[in-house]
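Chains as they are written, first to last, in full-length UniProt numbering: chain D, 1 to 269; chain C, 1 to 263.
One or more hints might be untrue.
[Stated by the list, open to error] Only pairs whose alpha carbons sit at most 27 Å apart, straight line, appear in this in silico DSS-like list of lysine-lysine:
#1 D:Lys-231 - C:Lys-141
#2 D:Lys-35 - D:Lys-156
#3 D:Lys-156 - C:Lys-141
Everything labelled a hint here was simulated from the structure, so no lab data went into it.
Keep in mind the model is a prediction, meaning the values are calculated, not measured.
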Amino acid sequence: MASRKVPIKAVLIDLSGTLHVENTAIPGAVDSLKKLRGTGIPIKFVTNTTKESRRCLFERLIGLGLELRKDEIWSSLWAAQDLLRSRNLKPMLMVDDAALEDFSGLTDYGEEEQNAVVIGLAPSMFNFSQLSKAFRLLLTGAGVPLIAIHCGRYYKRCDGLALGPGPFVRALEYASGCHSEVVGKPSPTFFRSALGDVDPAYAVMIGDDVKDDIGGAQAMGMRGFLVQTGKYRTGDESRISPGPAAVCPSFSEAVDILLKEYAQSEGDS
Amino acid sequence: MNLLKNPRLNGVLLDVTGVLKDGGTAIHGSVEAVRKLREAGLKIRLVTNETQVTRRALAENLLDLGYPVQELDIVSPCPALISFLQRENLRPHLLVHSNVLPEFEGIDQSNPNCVVLGDAAENFTYEHLNEAFGILINMKKPRLFSLGRGRYYSDKEGLMLDVGAFTAALEYAADVKAEIIGKPQPEFFRSTLKDMGVEPEEAVMVGDDVVSDVGGAQDCGLTGVLVRTGKYRPSDEKHPTVHPDAVVDDLAHAANLILESRK
C-alpha cells in the first residue's frame, strides 16, 4: 500500500463492531489501541448511540480492558447535549431514560418553555399522543428545531428488528414540513465537532459501517479505514464511491497502517 | 366579485372534519349551508379520509348534528380499500382504529401479505408500529396501503398527527412506497364524480386541507376551495404549489359563493 506523507493529527474510532461486539473486545483491539496511544496522536471514540450515556459507554470500555479517558468519547447523545447547550435550547427530550444523565440540567423544562424537539430512542414516548405533542411544539413558531440523535431505520433487538429513531423523525418531518438536524454520524457537523480544530485532511476515521463511518468521514475530507468486523458484509467497500481509503481485516491492521505512516512522517521531519 | 364564476357547477364535494364539524360539534353555519346547497338542487357527496369511524357511525353523528345526510352520501377510503383487497386477493395486517374493525370483518386476515394503515390514533403505539414494520421487512415485495395520507387534523386536544406521518415512518423504515387509498389520490375523486354523474369541471371541492382536499381536487380538474376552519393555518394560503380557486372563512361563505356562481 502506498503510504502518504501527510502527518496524522487525529484518529476517530467507532466503538461497536470496531473495538468490541457487545461485551467482547475484537481480538487484538486492546493491544493495538495501546500501540496507537504510543504515538501520542489525539484519539476520539465516536459512536451513534441513542441509549448509553458517556459514563455508561466509558465503564463498558474500561471493563473490556480498553485504555481511554471519558472525555475522549464523542457520542451522538453527547453531540446533542453539546448543541443544545451551545444554542441555549430548552428541549422536549424523546430519549431513553438511561441516556438522560448526559442531559443533566436540560431535562426539566415545562411544556410552555420548550423550544426544541430531540428524537433519540424512546419507545415509551413513540406513540400517538407524545408524537402529536412534539408535532405541535414544532408548529408553534419558526425556529423550533427538530434534532435527531441519528436517523437509523431500525436496530437489532433480542426479539428481532425494531424501529430506530429515523422513522419517527420522518413522521414529524412529514407532518410539520420542517427538516431535521441530524447530530450523529454521518452528519458533517458531528465529525467536525469531534475533530475540534484539526483539519479533516489530517484525520482518519476507523469504522465498520461503510456508509455512516467511512462515507460520512470521507465526504467531509477525512480518510476512512473500513474494518471487516462487526456489521461489515462482503462487498460493503464497493457500496460507496470513492471507496474507503483502506480496507482492513480488523482494527489491528488499521492501526498497523497508521503506525507505518506515522513512522514515515516522523522520519521525514 | 365571484372567484368561481361557473354556471355549469352541479356537484359539490365536501370534506367532513374541519368543514362540517370540529371534534363533536357542528361548525357554525355549516348545517344551514348544506341545506341551502341541497335545496338548490346540487349533488352533494361528503368526501372524507375519516377512518376513525365507520360510514354508518359518521352518518349518525352528522344526523345528530342536524345535517340532512345519509350513509350513502359519504365517500370514505375503507369501502374502496376493501373492494381492492378482495379483487387482488390481499390479506391485510391492519393497523387501524378499533372503531373501523367491523368494516373488515369479512376479510381474511390470516398470514398477511400486505399492511394497511388508517388513522389508528391511540393504536399508534411503538409496539404496534413495530409489528407492522416486522411484517413489511420480512416480505419479499412489501406492500403498504395507507388510507389517505393526511399530515394532521384538529381534535379537542389540538392538532394531532394523521395517518400520513406514520405512513412516512414505515415507508422510511421498510424502504417501501405506500399505495394511497383516499384523498388526494386521483382515482378517489374520479370514482366519486362518476358515481355522481358529474364532470370534473362541473364540480367543486371544499376542504380545510390545502394539499389533500384542494390540491387533490384541482389535479383532477375540479374547482378547489379552502375554508379557514378546522386545521386551517394562515401559512396554507402561501402554499408553494397549491393555489386554491378561492379561500373563504367557512362553509357558509363557500356555499354562498357556489350558489352565486351559478347565476
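Would you mind confirming whether the straight-line C-alpha gap from D:Lys-35 to D:Lys-156 stays at or under 27 Å? violated, 33 Å
Could you grab the alpha-carbon distance between D:Lys-231 and C:Lys-141 and see if it respects the 27 Å cut-off? holds, 24 Å
Agreement of D:Lys-156 and C:Lys-141 with the hint, judged by alpha carbon distance not exceeding 27 Å: holds, 21 Å
The structure fails to meet hint 2 from the earlier list, while all remaining hints are met.
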